[in-house]
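Enquirer: Just so you know, the sequences run in chain order U and Z. Yeah, the first sequence ends on 452 if you go by our numbering, and it's all consecutive. Yeah, the second sequence ends on 1315 if you go by our numbering, and it's all consecutive.
Please keep in mind that the hints were generated in silico from the structure rather than gathered at the bench. It should be emphasised that the depicted structure is a prediction, and the values quoted were computed from it without experimental measurement. Where hints are given, some of them may not hold.
What the hints assert, rightly or not - Derived Cβ-Cβ restraints for the label pairs, each shown as a range:
id, chain 1, residue 1, chain 2, residue 2, range
1, U, T91, Z, K1141, 28 to 38 Å
2, Z, A1181, U, N151, 42 to 52 Å
3, U, E88, Z, P1228, 55 to 65 Å
4, Z, L1095, U, V403, 53 to 63 Å
5, U, S11, Z, K1067, 26 to 36 Å
6, Z, E1041, U, Q72, 45 to 55 Å
7, U, V403, Z, G1108, 18 to 28 Å
8, U, Q72, Z, T1063, 47 to 57 Å
9, U, N397, Z, N1256, 51 to 61 Å
Unchecked claim - Calculated lysine-lysine pairs in the DSS-like style (CA-CA distance at most 30 Å, straight line):
id, chain 1, residue 1, chain 2, residue 2
10, U, K46, Z, K1141
11, Z, K1160, U, K150
12, Z, K1218, U, K163
13, U, K163, Z, K1191
14, Z, K1072, U, K46
15, U, K76, U, K46
16, U, K32, Z, K1209
17, U, K364, Z, K1137
18, Z, K1209, U, K150
19, Z, K1225, Z, K1191
20, U, K46, U, K123
21, Z, K1141, Z, K1225
22, Z, K1137, U, K275
23, U, K32, U, K46
24, Z, K1031, U, K46
25, U, K421, U, K383
26, Z, K1141, U, K32
27, U, K338, U, K364
28, U, K383, U, K411
We put the beta carbon where it would ideally sit given N, CA and C, even for glycine.
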Amino acid sequence: MFESLTDKLSSALRNLRGVGKLSEENMADALKEVRAALLSADVHFKVVREFIERVQTACIGQEVLKGVAPGQQIVKIIHDELVRLLGEGTTDLSPGRPLKVLMVGLHGSGKTTSTAKLARLLKKRGMHPFAVACDVYRPAAIDQLEILSKNEEIGFYCDRASKDVPAIGAAGLAAAKAANADVILFDTAGRLQIDHDLIEEVRLLRERVQPDEVLLVADGALGQEAVNVAKTFHDALRLTGLILTKLDGDARGGAALSIKSITGVPIKFVGTGEKTSEFDTFHPDRLASRILGMGDVVSLVEKAQEVIDQKEAEKMAEKMRKADFTLEDFLAQMQQIKKLGSMQSIMGMMPGMSGVELPDDAEKQMKRTEAIIQSMTIQERQKPDILNGSRRMRIANGAGVKVLEVNQLLKQFQQMQKMMKMFKGGGARKMMRQLKGMKGMGGGGFGGFPGM
Amino acid sequence: MFGLFKKFKDGLSKTFTAIGDKTRGLFGGRKIDAASLDELEEALYTADFGVETTEEILAEIKTAYRKDPELKGRRAAEIGANVLTRVLTGSEAELRDGLPVPAALPAGETGPTVIIMIGVNGSGKTTTTAKLAWLLKQRGKSVLVAAADTFRAAAVEQLKSWATRLDIEIVASHTGADSAALAFDALQAAKSRGHDYLIIDTAGRLHTKSNLMEELAKIRRVLQKLQPSAPHHSWLVVDGSLGSNSIEQARVFHKNFGLTGLVVTKLDGTSRGGAVVGIWRELKLPIAYVGLGEQPDDLQPFEADNYARAVFGLE
């Protein structure tokens, strides 16, 4: 969808080589690109304007570094500035005990789910959370929190007969104290910031229970509206932090910068999935990369660590080194990669790749390769040399492909093995040459791996 | 009919007071100048229209301004509304008498018109399902709703409680049940009980999760076993307060599932839902309804012209 900002900046700054210093004139094009990038990441119009001014001030007068493309240099300045802005303030929660947390936000932003997630996180830290259901409007909202509380084995209070939210809050507070809870989470109904009655209601709840933290739960894909939302909620409730949700999608998350700039409250947590465990402390550098469309390598690495068995990976590396990597190992490796998610989503996390559309059949190719290997006997997988014409025919039939495709896979695998042998023999340079020759080979052209 | 129209206007005018406030001075009898053009640009960007639409509108107003330096704000607003209406030409879904026009059933096929609601988490699928069922019921149609969001805690209870409140028949199982199996049962029930409409509420899913997209495909497959032409409408429910990611959502859902239209929710705030214009530009998916609140009546057919005029604060 979007080219990476670095690419765009590089072309906007082509004429900058040989110029001694960055100036307003020679940066104009580049800043236009930055502006467009931020706007397309849903950062609020005004916030973009202020941010560009800041970046301009930071850039002007800087020497154009030798050896670094000016595009990269500016991206670094922008990235650093973003990290600084997004990361201001602490992600720690108030030390008050019992810690009273009020969760507020628009409809569907993820308040109830985040309440359960935060409870789980704090419980893991050794605290005793307790949830109070203050959403008396959405049908079954109370049931939802009750079920989640049960799942997380935390205390829960509700009053299905009452619509008096401040009173429910007070009663919940008393119940939580009686249960010796040291964290009390108040889940409230979704409300529009322009709904004066409902804003007044949550303001009264706030007065009544005197929370230590008032957390705004905001959808990471929120648009320009983020500014109005944050401003009204902040004016009425004095927010103390922000939870950004649904970051497991591919929204660029520019709303976070808007909210942060308008309210100054720190971003504390991010929601990264539907499971209650998918909740994390906020990392400004990751979000900055994301807003700039630079991918999210850190998250990719973390995800990889999560799903890929470390021992298995080491064993694999050892095998590769000894060049006794078989088709079976290859299959196992492919299956591990698949655990990371769809190829497209993996690509999205890689810098500069977020806009790259994979050929439609990349995923299919991988499946086919898998089917071919799975149609082989164990012996065949370990010693592909024994594959004669009739075996190949049988495999092709079993996998539902043409014999030609089986042959292709085997050829590619042979080349891979050859490379590993060279590597083993220390012929790294020879291997590089070989690699060059192999470019464009295989389905999606992932390194030298066939069909990937 | 007039009541409906008024409701739409009221909902939107509540919506658009904010942009109205911002642009009242701008779009009054005052002359346009460089500063007000800047303000206009800001107003358009902050409505989530995105770069393309914003620039298209600005360009036309600027051209008119160059031709006539005395151009009044009100005239500029009209130009803007016209551009927006033009961009949105054809974006209204085909509704007859406020009801979705069923896709033509193949000869010999009978059965209910099946509508499936899909979308990311928290976009408002369950509420929209209930509101649409209510709208259809008001028109004397018999409706069955299916609680196929078997994933989110209490989603089933949420739709059940709507069904009780609005007195609408429902097919529901328990959380954790197989959603495709439930959809199958619901269609079977709708067929045998002779319902006019079946509305299927599905679990929220981010478009980036391929396994969840596969689950949707399965729902379609099992529906088609009973009725080859189902689902007749596959609507993406889009949160109107979201930004450009809505376009990406629509793109992926459309590619994987083949959408037939959109419902834009939460337009009763100050959100202008401008990202939907981007969806229309790229995918040409018509907008069936807009959601203007939490009450059962707060679902209104989309009207491009009204929408465009409301955006620019015109009566």
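Enquirer: Does each hint hold? Answer for all of them.
Expert: Hint-by-hint comparison with the structure:
no.: 1; hint: U/T91 / Z/K1141: 28 to 38 Å; verdict: violated (52 Å)
no.: 2; hint: Z/A1181 / U/N151: 42 to 52 Å; verdict: violated (23 Å)
no.: 3; hint: U/E88 / Z/P1228: 55 to 65 Å; verdict: holds (58 Å)
no.: 4; hint: Z/L1095 / U/V403: 53 to 63 Å; verdict: holds (54 Å)
no.: 5; hint: U/S11 / Z/K1067: 26 to 36 Å; verdict: holds (35 Å)
no.: 6; hint: Z/E1041 / U/Q72: 45 to 55 Å; verdict: violated (30 Å)
no.: 7; hint: U/V403 / Z/G1108: 18 to 28 Å; verdict: violated (44 Å)
no.: 8; hint: U/Q72 / Z/T1063: 47 to 57 Å; verdict: violated (39 Å)
no.: 9; hint: U/N397 / Z/N1256: 51 to 61 Å; verdict: violated (30 Å)
no.: 10; hint: U/K46 / Z/K1141; verdict: violated (48 Å)
no.: 11; hint: Z/K1160 / U/K150; verdict: holds (21 Å)
no.: 12; hint: Z/K1218 / U/K163; verdict: violated (41 Å)
no.: 13; hint: U/K163 / Z/K1191; verdict: violated (40 Å)
no.: 14; hint: Z/K1072 / U/K46; verdict: holds (25 Å)
no.: 15; hint: U/K76 / U/K46; verdict: holds (22 Å)
no.: 16; hint: U/K32 / Z/K1209; verdict: violated (34 Å)
no.: 17; hint: U/K364 / Z/K1137; verdict: violated (45 Å)
no.: 18; hint: Z/K1209 / U/K150; verdict: holds (27 Å)
no.: 19; hint: Z/K1225 / Z/K1191; verdict: holds (13 Å)
no.: 20; hint: U/K46 / U/K123; verdict: violated (40 Å)
no.: 21; hint: Z/K1141 / Z/K1225; verdict: holds (25 Å)
no.: 22; hint: Z/K1137 / U/K275; verdict: violated (36 Å)
no.: 23; hint: U/K32 / U/K46; verdict: holds (15 Å)
no.: 24; hint: Z/K1031 / U/K46; verdict: holds (24 Å)
no.: 25; hint: U/K421 / U/K383; verdict: holds (16 Å)
no.: 26; hint: Z/K1141 / U/K32; verdict: violated (54 Å)
no.: 27; hint: U/K338 / U/K364; verdict: holds (12 Å)
no.: 28; hint: U/K383 / U/K411; verdict: holds (14 Å)
Consistency note: the structure conflicts with the earlier hints numbered 1, 2, 6, 7, 8, 9, 10, 12, 13, 16, 17, 20, 22, 26.
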